[in-house]
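Trainee: Letter by letter, the chains look like this.
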Amino acid sequence: MAVAAEMSASRHIPESPGLWWGFMRSAEQFSGRPALIIEGKPLYYWQLREMALRIAATIQAHNEHLETPLVAVFAHRSATAFASVLGSLLAGTGYVPLNRTFPVTRTRFMFERSQCRTIIVDAQSLPQLNALLGGDDRQLLVIAPDLQDLQGHRQQWPRHLFIDARELESSAAWREPTRDQHAIAYLLFTSGSTGTPKGVMVAHGNVTSFVDYMADHLQVTEQDIASQMFDLTFDLSAFDMFVAWERGACLCCPSRKTLINPGKFIQDQKLTIWFSVPSTVVLMKQLGLLKPDRFPSLRWSLFCGEPLPVSCAEAWLKAAPNSILENLYGPTELTIACTGYRWRLGRSAAEAEAGIVPIGHAYPGMNVIVVDDSLHEVEPGEQGELLMNGPQMALGYWRDPEKTNSAFIVPPGRGQIFYRTGDRVRRPVGDGPLTHLGRTDSQVKVLGHRVELGEVEAAVRQASGMDSVVAVGWPASASGYGGIEVFIEGRSIDVDRLRELITFQLPDYMVPRRLHFMNRLPRNANGKFDRDAMRTMLGGGK
Amino acid sequence: MNSPTPEDVRRFVAHFLNQKLRERAQAPLNNLPDDYDLLLSGLLDSLAFVEMIAATGEHFDGEVDFAAIDPEKLTIIGPLCAFVSEQLRDRP
Numbered sequence: 001m002a003v004a005a006e007m008s009a010s011r012h013i014p015e016s017p018g019l020w021w022g023f024m025r026s027a028e029q030f031s032g033r034p035a036l037i038i039e040g041k042p043l044y045y046w047q048l049r050e051m052a053l054r055i056a057a058t059i060q061a062h063n064e065h066l067e068t069p070l071v072a073v074f075a076h077r078s079a080t081a082f083a084s085v086l087g088s089l090l091a092g093t094g095y096v097p098l099n100r101t102f103p104v105t106r107t108r109f110m111f112e113r114s115q116c117r118t119i120i121v122d123a124q125s126l127p128q129l130n131a132l133l134g135g136d137d138r139q140l141l142v143i144a145p146d147l148q149d150l151q152g153h154r155q156q157w158p159r160h161l162f163i164d165a166r167e168l169e170s171s172a173a174w175r176e177p178t179r180d181q182h183a184i185a186y187l188l189f190t191s192g193s194t195g196t197p198k199g200v201m202v203a204h205g206n207v208t209s210f211v212d213y214m215a216d217h218l219q220v221t222e223q224d225i226a227s228q229m230f231d232l233t234f235d236l237s238a239f240d241m242f243v244a245w246e247r248g249a250c251l252c253c254p255s256r257k258t259l260i261n262p263g264k265f266i267q268d269q270k271l272t273i274w275f276s277v278p279s280t281v282v283l284m285k286q287l288g289l290l291k292p293d294r295f296p297s298l299r300w301s302l303f304c305g306e307p308l309p310v311s312c313a314e315a316w317l318k319a320a321p322n323s324i325l326e327n328l329y330g331p332t333e334l335t336i337a338c339t340g341y342r343w344r345l346g347r348s349a350a351e352a353e354a355g356i357v358p359i360g361h362a363y364p365g366m367n368v369i370v371v372d373d374s375l376h377e378v379e380p381g382e383q384g385e386l387l388m389n390g391p392q393m394a395l396g397y398w399r400d401p402e403k404t405n406s407a408f409i410v411p412p413g414r415g416q417i418f419y420r421t422g423d424r425v426r427r428p429v430g431d432g433p434l435t436h437l438g439r440t441d442s443q444v445k446v447l448g449h450r451v452e453l454g455e456v457e458a459a460v461r462q463a464s465g466m467d468s469v470v471a472v473g474w475p476a477s478a479s480g481y482g483g484i485e486v487f488i489e490g491r492s493i494d495v496d497r498l499r500e501l502i503t504f505q506l507p508d509y510m511v512p513r514r515l516h517f518m519n520r521l522p523r524n525a526n527g528k529f530d531r532d533a534m535r536t537m538l539g540g541g542k
Numbered sequence: 543m544n545s546p547t548p549e550d551v552r553r554f555v556a557h558f559l560n561q562k563l564r565e566r567a568q569a570p571l572n573n574l575p576d577d578y579d580l581l582l583s584g585l586l587d588s589l590a591f592v593e594m595i596a597a598t599g600e601h602f603d604g605e606v607d608f609a610a611i612d613p614e615k616l617t618i619i620g621p622l623c624a625f626v627s628e629q630l631r632d633r634p
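If you're matching them up, the sequences are chains S and X in order.
Numbered by the numbering used here, the letters in the first sequence go through residues 1 to 542 in order.
Numbered by the numbering used here, the letters in the second sequence go through residues 543 to 634 in order.
Next comes chain S alone, as it looks inside the complex (with noise of 0.2 Å):
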């Protein structure tokens, strides 16, 4: 079967009350099977459920308190962030996810932009309460179901309404929400070009559109252990939770030691589902663990959130030979993921551009148009930006009608609204798979020529052997950049012989001033590069 064919098969997409309905039917299903495994303790579906029932139901007890229809889940890789989660869900509100590695200002931003009015709360989260309670003056519902005393908290906030574990309501008392597939499922802020997160609010609909294709097309079921490697600020963590618990199977979170040795974890855990960014296997390659053969139980292996080399694939399929992989592609707009690229033996390769695996073929439901600046479709094997839409399209950002304007827009004669990805792509000629060749705001100006920095970057990969590999304009100028500067990810090579390689073939404008070695480069907190980093250690900020 031809791949576009096979990854547009029509999906069967019912009217599902909600995105914890999946969990749910598991729950009644797989009771007594584990819905997570989390500090290598199993949790089991009834467990779950009974959590997330009691968390739901004390937050509709409270619900004369809801402004909005979000809640602020502040919890981290324990069993009170999944059980909050699936609760607030199940209480009939959006869940708001916030991550106490981030840094408390960022918090705080997020939870006050959202204007959630109820926050849970998890045991090791609780000593950031205190700056997210300082500057609000309204009543806030707290809910702290892992927390037996919170007498200090009490004094402190009087304010405040505290309801501590002993005080969450029975779950008897839960009474099942309102459909609406239009209902915010979760608020996530994502990184904005100004430098102010935006907060994208994904619908139910969206994201059991997503849910029910994937579960299918992976053919999920209770026999599967799959990775929880995404935070719940990341998008990705959507993937992990829903999926598997759609069909009982059971998600695997690392603790923060485990993360050391992902290896390690796949073979302990016997993990059959596999996803995380590609960074993640850059790294492994890089450390040696990715021995042929290492890691048997896998059946898949998949890849979203940026760039994967071509010879990552191929180096994590020879130590996961069992599994297949796919490399997704989607922005959080788009929920989770809206294109994939199954990785084929002696037909791959000749499909990737630069170095960079191809992002696929759109899931079922979704649209894909490749247009130019003016927003007109390009020819076919010509490059332009992405736009998408269909069933997973976010109903836009959260009380920024202006931001949502700019992005979701209506092109030129389709009459239909599509979501600007801001994202480079070839559109493919024929059957074959769009490819990912950067960011459109990855072009600059460099003494007055239009530099492509994916273009710099791939010149400098295939020079080097090297998986990462980022390029900033250097220093800024008024008509744009002086120059391009690189950072490579690995030990320092002939550098000489490099830039010959480079020169060889790039013009002079494109041709790297300075390489830049570094043992691990600048994240953030999503694990992908950070370029604003990369450019303040140059000295001078954006």
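It should be emphasised that the hints constitute simulated quantities derived from the structure, not laboratory data.
Warning: the hint list may mix true and false statements.
Distance condition first, Cα-Cα at most 20 Å in a straight line; then the derived EDC-like pairs of lysine to aspartate or glutamate [claimed, not checked]:
{"no.": "1", "chain 1": "S", "residue 1": "LYS528", "chain 2": "S", "residue 2": "GLU455"}
{"no.": "2", "chain 1": "S", "residue 1": "LYS403", "chain 2": "S", "residue 2": "GLU385"}
{"no.": "3", "chain 1": "S", "residue 1": "LYS318", "chain 2": "S", "residue 2": "ASP268"}
{"no.": "4", "chain 1": "S", "residue 1": "LYS291", "chain 2": "X", "residue 2": "ASP612"}
{"no.": "5", "chain 1": "X", "residue 1": "LYS562", "chain 2": "S", "residue 2": "ASP530"}
{"no.": "6", "chain 1": "X", "residue 1": "LYS615", "chain 2": "S", "residue 2": "ASP268"}
{"no.": "7", "chain 1": "S", "residue 1": "LYS264", "chain 2": "X", "residue 2": "GLU605"}
{"no.": "8", "chain 1": "S", "residue 1": "LYS291", "chain 2": "S", "residue 2": "ASP268"}
{"no.": "9", "chain 1": "S", "residue 1": "LYS257", "chain 2": "X", "residue 2": "GLU593"}
{"no.": "10", "chain 1": "S", "residue 1": "LYS528", "chain 2": "S", "residue 2": "GLU306"}
{"no.": "11", "chain 1": "S", "residue 1": "LYS257", "chain 2": "X", "residue 2": "ASP579"}
{"no.": "12", "chain 1": "S", "residue 1": "LYS318", "chain 2": "X", "residue 2": "ASP607"}
{"no.": "13", "chain 1": "S", "residue 1": "LYS445", "chain 2": "S", "residue 2": "GLU385"}
{"no.": "14", "chain 1": "S", "residue 1": "LYS445", "chain 2": "S", "residue 2": "GLU455"}
{"no.": "15", "chain 1": "X", "residue 1": "LYS562", "chain 2": "X", "residue 2": "GLU593"}
{"no.": "16", "chain 1": "S", "residue 1": "LYS291", "chain 2": "S", "residue 2": "GLU314"}
{"no.": "17", "chain 1": "S", "residue 1": "LYS41", "chain 2": "X", "residue 2": "GLU614"}
{"no.": "18", "chain 1": "S", "residue 1": "LYS257", "chain 2": "X", "residue 2": "ASP607"}
{"no.": "19", "chain 1": "S", "residue 1": "LYS285", "chain 2": "X", "residue 2": "ASP607"}
{"no.": "20", "chain 1": "S", "residue 1": "LYS264", "chain 2": "X", "residue 2": "ASP612"}
{"no.": "21", "chain 1": "S", "residue 1": "LYS257", "chain 2": "X", "residue 2": "GLU614"}
{"no.": "22", "chain 1": "S", "residue 1": "LYS41", "chain 2": "X", "residue 2": "ASP612"}
{"no.": "23", "chain 1": "S", "residue 1": "LYS264", "chain 2": "X", "residue 2": "ASP587"}
{"no.": "24", "chain 1": "S", "residue 1": "LYS257", "chain 2": "X", "residue 2": "ASP612"}
{"no.": "25", "chain 1": "S", "residue 1": "LYS257", "chain 2": "S", "residue 2": "ASP268"}
{"no.": "26", "chain 1": "S", "residue 1": "LYS403", "chain 2": "S", "residue 2": "ASP441"}
{"no.": "27", "chain 1": "S", "residue 1": "LYS285", "chain 2": "X", "residue 2": "GLU605"}
{"no.": "28", "chain 1": "S", "residue 1": "LYS445", "chain 2": "S", "residue 2": "ASP508"}
{"no.": "29", "chain 1": "S", "residue 1": "LYS285", "chain 2": "X", "residue 2": "ASP612"}
{"no.": "30", "chain 1": "X", "residue 1": "LYS615", "chain 2": "X", "residue 2": "ASP579"}
{"no.": "31", "chain 1": "S", "residue 1": "LYS285", "chain 2": "X", "residue 2": "GLU600"}
{"no.": "32", "chain 1": "S", "residue 1": "LYS264", "chain 2": "X", "residue 2": "ASP607"}
{"no.": "33", "chain 1": "S", "residue 1": "LYS528", "chain 2": "X", "residue 2": "ASP587"}
{"no.": "34", "chain 1": "S", "residue 1": "LYS291", "chain 2": "X", "residue 2": "GLU605"}
{"no.": "35", "chain 1": "S", "residue 1": "LYS264", "chain 2": "S", "residue 2": "ASP224"}
{"no.": "36", "chain 1": "S", "residue 1": "LYS291", "chain 2": "X", "residue 2": "ASP607"}
{"no.": "37", "chain 1": "X", "residue 1": "LYS615", "chain 2": "S", "residue 2": "GLU39"}
{"no.": "38", "chain 1": "S", "residue 1": "LYS528", "chain 2": "X", "residue 2": "GLU593"}
Note that the structure is a prediction, hence the values are computed from the model and not measured.
Given chain S, put chain X in place with the hints provided.
Mentor: Same frame as chain S, now just chain X:
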């Protein structure tokens, strides 16, 4: 270079950590007790820990086999220094 002793590894680790602390404009560590957990103390995250091990191998002109690392023990200074020293001593 001769095989490093656990004490040599500890000195390098202390140097590495203090460099990190200087970058963050934080006060240097005065001592590194055997039971100090680099991860749970919040001093390093998992990626920075991996980076530190790689830098240690590079400094002593050897390689540490990550597959052999038990993450539960080896973020603690005493066992870490003993393990790395042993790994670098066994090199061909």
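Trainee: Give a verdict on every hint.
Mentor: Hint-by-hint comparison with the structure:
At most 20 Å may separate the alpha-carbon atoms for a hinted pair to count; S/LYS528 and S/GLU455 meet this at roughly 19 Å. The hinted pair formed by S/LYS403 and S/GLU385 meets the criterion: a straight-line CA distance of about 18 Å does not exceed 20 Å. For the suggested pair S/LYS318 and S/ASP268, the alpha carbons sit about 19 Å apart, so the restraint of at most 20 Å is met. For the suggested pair S/LYS291 and X/ASP612, the alpha carbons sit about 18 Å apart, so the restraint of at most 20 Å is met.
Between X/LYS562 and S/ASP530 the CA atoms are separated by roughly 18 Å; this keeps the pair inside 20 Å, and the hint holds. Taking the CA atoms of X/LYS615 and S/ASP268, the gap is about 16 Å. The hint holds against a cut of 20 Å. Annotation: proposed proximity of S/LYS264 to X/GLU605 holds, straight-line Cα distance about 18 Å (limit 20 Å). As the CA atoms of S/LYS291 and S/ASP268 are separated by approximately 16 Å, the hinted pair is consistent with the 20 Å bound.
A C-alpha spacing of about 14 Å is found between S/LYS257 and X/GLU593, which places the hinted pair at or below 20 Å, so the restraint holds. A C-alpha spacing of about 7 Å is found between S/LYS528 and S/GLU306, which places the hinted pair at or below 20 Å, so the restraint holds. Distance hint between S/LYS257 and X/ASP579 is fulfilled; the C-alpha atoms sit about 10 Å from each other, no more than 20 Å. For the hint pairing S/LYS318 with X/ASP607, the CA-to-CA distance comes to about 19 Å; that is within 20 Å, so the pair holds.
Annotation: proposed proximity of S/LYS445 to S/GLU385 holds, straight-line Cα distance about 18 Å (limit 20 Å). Of the pairs offered as hints, the one joining S/LYS445 and S/GLU455 holds, with about 13 Å between alpha carbons and a cut-off of 20 Å not exceeded. Under the criterion of a C-alpha separation no larger than 20 Å, the hint pairing X/LYS562 with X/GLU593 is consistent with the structure, at around 11 Å. At roughly 12 Å between alpha-carbon atoms, S/LYS291 and S/GLU314 fall within 20 Å of each other, so this suggested pair holds.
With a CA separation close to 15 Å, the supplied pair S/LYS41 and X/GLU614 stays within the 20 Å bound. Restraint check for S/LYS257 and X/ASP607: satisfied, since their Cα atoms lie roughly 17 Å apart, inside the 20 Å limit. Pair hint S/LYS285 plus X/ASP607 holds up; C-alpha atoms about 12 Å apart against a cutoff of 20 Å. Among the hinted pairs, S/LYS264 with X/ASP612 is consistent with the structure: their alpha-carbon atoms are about 8 Å apart, no more than 20 Å.
Only pairs whose Cα atoms come within 20 Å are accepted, and S/LYS257 paired with X/GLU614 is accepted, the gap being roughly 6 Å. Distance hint between S/LYS41 and X/ASP612 is fulfilled; the C-alpha atoms sit about 18 Å from each other, no more than 20 Å. With a C-alpha separation of about 18 Å, the suggested pair S/LYS264 and X/ASP587 falls inside the 20 Å cut-off, and the hint holds. A distance of roughly 9 Å separates the Cα atoms of S/LYS257 and X/ASP612; the hinted pair therefore holds under the 20 Å criterion.
Restraint check: the Cα-Cα separation between S/LYS257 and S/ASP268 comes to about 14 Å, which is no more than 20 Å; the hinted pair holds. Distance check on the hinted pair: S/LYS403 and S/ASP441 sit about 16 Å apart at the alpha-carbon level, within 20 Å; holds. Distance hint between S/LYS285 and X/GLU605 is fulfilled; the C-alpha atoms sit about 14 Å from each other, no more than 20 Å. With a C-alpha separation of about 14 Å, the suggested pair S/LYS445 and S/ASP508 falls inside the 20 Å cut-off, and the hint holds.
A threshold of 20 Å between alpha carbons decides the hint, and for S/LYS285 with X/ASP612 the separation of about 18 Å falls inside it, so the pair holds. About 9 Å separates the Cα atoms of X/LYS615 and X/ASP579, which keeps this hinted pair within 20 Å; it holds. For the given pair, S/LYS285 sits about 16 Å from X/GLU600 by alpha-carbon distance, which is consistent with the 20 Å threshold. A hinted pair counts as satisfied when its Cα atoms are at most 20 Å apart, and S/LYS264 with X/ASP607 qualifies at roughly 12 Å.
As the CA atoms of S/LYS528 and X/ASP587 are separated by approximately 15 Å, the hinted pair is consistent with the 20 Å bound. Between S/LYS291 and X/GLU605 the CA atoms are separated by roughly 15 Å; this keeps the pair inside 20 Å, and the hint holds. For the hint linking S/LYS264 to S/ASP224, the alpha-carbon distance of about 18 Å falls within 20 Å, and the restraint holds. Between the alpha carbons of S/LYS291 and X/ASP607 the distance comes to roughly 12 Å, so the proposed pair stays at or under 20 Å and holds.
Note on X/LYS615 and S/GLU39: the hinted pairing holds, with a Cα-Cα distance of about 15 Å set against a maximum of 20 Å. Of the supplied pair hints, the one linking S/LYS528 and X/GLU593 holds, its CA atoms being roughly 16 Å apart against a limit of 20 Å.
Every hint, counting from the list given before, is met by this structure.
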